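Chemist: Spelled out, the chains give:
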Amino acid sequence: MPDRDDRLTLLEDRDAIRDLIARYGVLADRGDADGVAALWETDGIYAVGGFGEARGHAEIAALISGPVHQALMADGCAHVMGPVTIDINGDVALARGHSLVVRHGAGGFEVFRASANSWQLRKGSEGWRVIRRDNAPLDGQQAARALFDPPV
Amino acid sequence: MPDRDDRLTLLEDRDAIRDLIARYGVLADRGDADGVAALWETDGIYAVGGFGEARGHAEIAALISGPVHQALMADGCAHVMGPVTIDINGDVALARGHSLVVRHGAGGFEVFRASANSWQLRKGSEGWRVIRRDNAPLDGQQAARALFDPPV
Amino acid sequence: MPDRDDRLTLLEDRDAIRDLIARYGVLADRGDADGVAALWETDGIYAVGGFGEARGHAEIAALISGPVHQALMADGCAHVMGPVTIDINGDVALARGHSLVVRHGAGGFEVFRASANSWQLRKGSEGWRVIRRDNAPLDGQQAARALFDPPV
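Keeping their order, the protein sequence lines are chains A, B and C. Residue numbers for the first sequence follow the numbering used here, so the first one is 1 and each next one is one higher. Residue numbers for the second sequence follow the numbering used here, so the first one is 1 and each next one is one higher. Residue numbers for the third sequence follow the numbering used here, so the first one is 1 and each next one is one higher.
Be aware that a few hints might be false.
[Said to hold, decoys possible] Listed next, with one range per pair, are the computed distances between beta-carbon atoms:
1) C:87 - B:65: 20 to 30 Å
2) A:105 - C:68: 27 to 37 Å
3) B:47 - C:105: 48 to 58 Å
It should be emphasised that the hints constitute simulated quantities derived from the structure, not laboratory data. For clarity, every value in this text was computed on a predicted model and none was experimentally measured. Here a beta-carbon is modelled for each residue, glycine too, at the ideal position from N, C-alpha and C.
Produce the entire structure from the sequences given, and follow the hints as far as they go.
Modeler: So, in structure tokens, the structure goes:
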């Protein structure tokens, strides 16, 4: 059985990862491009199914400050994360869970996108950061379901 | 580095705040007006964008026992909270996250409301309670996005 | 006040229950019938309002490999769990919270089902497992709201 310090550290790690992923939704809907980017490592990757791959803080921030996200915000949007299941292995982790984008329009609110997400994370000197997030819409494609495969 | 007791207490605090916010959704959809009100401090505030400000247990309970919420419950509704990012500073805390109201109607379920929430909380002799919750629909207005501003 | 070991164990239990429920959604949308079933005890029950009661791993797995769930997956679906409020009493626990099934179709995504859930869980030699999960759509029926009753 791991000792008390290791158990405490593991709980802190799991708590920090849950908080980071919750913060993504809050920062995205605040339009905080730099805040969103800072959740990733300097050369981190955010691969959004249908939109390609953003690499590094400048490209990830541009997803938030760019026209697609800004149009969503002008309409009104909610990036609601589901709960994640977390597997930690030393200083790296895999978190898997859903995300919803709810969009406001003339007819009220609607679910604009429902996605699978796989978050690879690493713990460094400043805490947990995202190495790579893959997101794909759960529209029947196998690629989205594959993001929910267990860690290898 | 904080000592082990402080680390344990911090994790307990974060866990308790997550549980309190999850309980809100369960109590609201159960129609438990007194249970909902008891999540707040005696003179706590629940400011609901578009519905004004309820202050104190009696007014907060009246939001649940009142006609708007009762009509939602008769139709069928789900007050689904998103995950929250939590910042604790001593015995006060700020939690930020989304909430969805899903409503049942003739055409099935629909997202009736998607909101930003800012929860100010305080830890007292009976645990964490809400000082003030602000909720505003994410329909494009800046007021809702501002609820996701970081703690000052 | 409970001693440090008890406090640590309680936090680990609560974390494990949250993770198990998040894992349900991930495994369901991955179509992992055995993985879903293994969340339950060998003779566990999954009672789905409108679909009857599955008992034991084979029947629970059949819910995932069966035609209703497979049709959902072919269209594209997201089983998004809400946060849960957890009450632990020794080696048994009750978790209560929402779940959403979002379905993809010709018109995009829609909320197909919004439900109340009551999860009875037990901690055994292999960790927490589900004794019984009750799920009922929040379509105005009292039976669904009753799943949010507090533990007796």
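Chemist: It remains to establish, for every hint, whether it holds in the given structure.
Modeler: Right, here's what the structure says about each hint:
1. The beta-carbon spacing between residue 87 of chain C and residue 65 of chain B, approximately 25 Å, falls within the hinted interval of 20 to 30 Å.
2. Taking the beta carbon of each, residue 105 of chain A and residue 68 of chain C are about 31 Å apart, inside 27 to 37 Å as hinted.
3. At roughly 37 Å, the beta carbons of residue 47 of chain B and residue 105 of chain C sit outside the given window of 48 to 58 Å.
In this structure, only the earlier hint numbered 3 is contradicted, and the remaining ones agree with it.
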